[in-house]
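If you read the sequences in order, they're chains C and U.
In case it helps, the numbering used here puts the first sequence at residues 2 to 146.
In case it helps, the numbering used here puts the second sequence at residues 2 to 134.
No lab work stands behind these hints, which were simulated from the structure alone.
Hints may be right or wrong, so weigh each one.
[Unchecked claim] Not the full set, but computed from the structure, chain U residues with beta-carbon under 10 Å of chain C:
id : residue
1  : GLY4
2  : GLY12
3  : ALA15
4  : GLY61
5  : ALA122
6  : LEU126
[Claimed, not checked] Under the rule of at most 25 Å between Cα atoms (straight-line distance), these lysine to any residue pairs were calculated in the SDA-like manner:
id : chain 1 : residue 1 : chain 2 : residue 2
7  : C       : LYS133    : C       : THR77
8  : C       : LYS119    : U       : SER129
9  : U       : LYS123    : C       : GLY87
10 : U       : LYS123    : C       : THR77
11 : C       : LYS119    : U       : GLU120
12 : U       : LYS123    : C       : GLU136
13 : C       : LYS56     : C       : THR77
14 : U       : LYS123    : U       : GLY4
15 : C       : LYS133    : U       : ALA109
16 : C       : LYS119    : U       : ALA109
17 : C       : LYS56     : C       : GLU129
18 : C       : LYS119    : U       : LEU126
19 : U       : LYS123    : C       : GLU129
20 : U       : LYS123    : C       : VAL110
21 : C       : LYS45     : C       : LYS119
[To be verified] Stretch by stretch, here's where chain C covers chain U in the computed footprint (C-beta under 8 Å, at least three residues):
id : region
22 : 34-41
23 : 109-117
24 : 127-133
Don't be surprised by glycine CBs; every beta carbon is placed ideally from N, CA and C.
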Amino acid sequence: MAGWLDNIFDRGAAGTARAMAQFAEARRDVLAQNIANIDTPYYKVRDLPVAEFQKMLGLVIEKSRRTGGALRLESTPNIRVRSTGGLDFQPVERSRANLLFHDQGNRGVEQEMTEAVKNVLLHRVATEVLRKQYETLEAAIRGRL
Amino acid sequence: MFGSFDISTSGMQAQRVRLDAIAMNLANINTTRNAVGEPEAFRRLVTIFAEGADGPGTPGVRVEQIVRDEGPLRRVHQPQHPDAGPDGYVSYPNVDMVTENVDAIEAARAFEANVAAFEMAKSMLVSSLRLLA
Numbered sequence: 002m003a004g005w006l007d008n009i010f011d012r013g014a015a016g017t018a019r020a021m022a023q024f025a026e027a028r029r030d031v032l033a034q035n036i037a038n039i040d041t042p043y044y045k046v047r048d049l050p051v052a053e054f055q056k057m058l059g060l061v062i063e064k065s066r067r068t069g070g071a072l073r074l075e076s077t078p079n080i081r082v083r084s085t086g087g088l089d090f091q092p093v094e095r096s097r098a099n100l101l102f103h104d105q106g107n108r109g110v111e112q113e114m115t116e117a118v119k120n121v122l123l124h125r126v127a128t129e130v131l132r133k134q135y136e137t138l139e140a141a142i143r144g145r146l
Numbered sequence: 002m003f004g005s006f007d008i009s010t011s012g013m014q015a016q017r018v019r020l021d022a023i024a025m026n027l028a029n030i031n032t033t034r035n036a037v038g039e040p041e042a043f044r045r046l047v048t049i050f051a052e053g054a055d056g057p058g059t060p061g062v063r064v065e066q067i068v069r070d071e072g073p074l075r076r077v078h079q080p081q082h083p084d085a086g087p088d089g090y091v092s093y094p095n096v097d098m099v100t101e102n103v104d105a106i107e108a109a110r111a112f113e114a115n116v117a118a119f120e121m122a123k124s125m126l127v128s129s130l131r132l133l134a
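Let the sequences and hints guide you as you build the complete structure.
In structure tokens form, the structure reads like this:
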């Protein structure tokens, strides 16, 4: 989104929540893939770069606070920001050195389910924040509560 | 958008095929003859999964192969049995009920894990749709 719309939709919590929801939706596919392949020989579990994303988000929030402008996401080695504002993520192999099967696979259904549940909760928080923001915006446009 | 639904569906499908193979093994636990009635013990079926529902590089999982377990057969001394060999031993299938039952439980649980992942994807889609309301 360009121009003045940026300042309405991507200011403060809304921009952060939007990025979080996008990340959670992309991560859902990767985690579903891990669960579907739980019995596939030689399969190695993958994940999106969670720490990298959080670090990037932290930095851009800091920057937008300092400059007072809209939130602008930045590309990192495994995250690409499209010109349209969408995000592309590169899945990375999750390292879990202490639990390996004979086929060098490192899968465990418990960890996948835990991550999936955490992911759903994160997504719910993000969409709930977005919904509240849009409601506030709507109230401001109508001029009454 | 519907990617993770398809991934979970392929997982459910693969586990169900595995359960079919286990049911086949259990049903044939005492089969000493092949499909055309010749004396040949049944050999247990093993399901092998591979990544990618529609071939390599695609999301999901597929059943790559169902192979026969060529492991040693169960030999029982039954000289009166019509399928007994010259030494009086009958070859019974290499199906072990405990192994099959454990496999069946694992397949059922893995199926449930895929159902749970499907439910989670559904609840995420619902909360995204609520943004419109």
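Consistency of the hints with the structure:
Annotation: interface hint on U/GLY4 holds; nearest CB of chain C at approximately 5 Å, less than 10 Å. About 3 Å separates the beta-carbon of U/GLY12 from the nearest beta-carbon of chain C, less than 10 Å, and the hint is met. A distance limit of 10 Å between C-beta atoms decides the matter here; for U/ALA15 the minimum to chain C is near 7 Å, and the interface restraint holds. Because the beta carbon of U/GLY61 sits about 6 Å from the nearest beta carbon in chain C, less than 10 Å, this interface hint is met.
For U/ALA122, the interface hint holds, the least distance from its beta-carbon to any beta-carbon of chain C being 6 Å, beneath 10 Å. Among the interface hints, the one on U/LEU126 holds; its C-beta lies about 9 Å from the nearest C-beta in chain C, closer than the 10 Å criterion. Distance check on the hinted pair: C/LYS133 and C/THR77 sit about 30 Å apart at the alpha-carbon level, beyond 25 Å; violated. For the hint linking C/LYS119 to U/SER129, the alpha-carbon distance of about 16 Å falls within 25 Å, and the restraint holds.
Restraint check for U/LYS123 and C/GLY87: the C-alpha separation of about 22 Å stays at or below 25 Å, so the hint holds. For the hint linking U/LYS123 to C/THR77, the alpha-carbon distance of about 30 Å lies beyond 25 Å, and the restraint is violated. Under the criterion of a C-alpha separation no larger than 25 Å, the hint pairing C/LYS119 with U/GLU120 is consistent with the structure, at around 14 Å. Simply put, U/LYS123 and C/GLU136 have alpha-carbon atoms about 24 Å apart, close enough for the 25 Å limit, and the pair holds.
Only pairs whose Cα atoms come within 25 Å are accepted, and C/LYS56 paired with C/THR77 is accepted, the gap being roughly 10 Å. A threshold of 25 Å between alpha carbons decides the hint, and for U/LYS123 with U/GLY4 the separation of about 12 Å falls inside it, so the pair holds. Restraint check for C/LYS133 and U/ALA109: not satisfied, since their Cα atoms lie roughly 41 Å apart, outside the 25 Å limit. With a C-alpha separation of about 24 Å, the suggested pair C/LYS119 and U/ALA109 falls inside the 25 Å cut-off, and the hint holds.
Taking the CA atoms of C/LYS56 and C/GLU129, the gap is near 22 Å; set against the 25 Å cutoff, the hint holds. Distance hint between C/LYS119 and U/LEU126 is fulfilled; the C-alpha atoms sit about 15 Å from each other, no more than 25 Å. The hinted pair formed by U/LYS123 and C/GLU129 meets the criterion: a straight-line CA distance of about 16 Å does not exceed 25 Å. About 19 Å separates the Cα atoms of U/LYS123 and C/VAL110, which keeps this hinted pair within 25 Å; it holds.
The straight-line distance between the Cα atoms of C/LYS45 and C/LYS119 is roughly 21 Å, inside the 25 Å bound, and the hint therefore holds. Counting residues of the region 34-41 of chain U whose CB falls under 8 Å from any CB of chain C gives 0; the rule of at least 3 is not met. Three residues within the 8 Å Cβ limit are the bar, and the region 109-117 of chain U against chain C gives 5, so the coverage statement holds. Counting residues of the region 127-133 of chain U whose beta-carbon sits less than 8 Å from any beta-carbon of chain C gives 4, enough to reach three: the coverage restraint holds.
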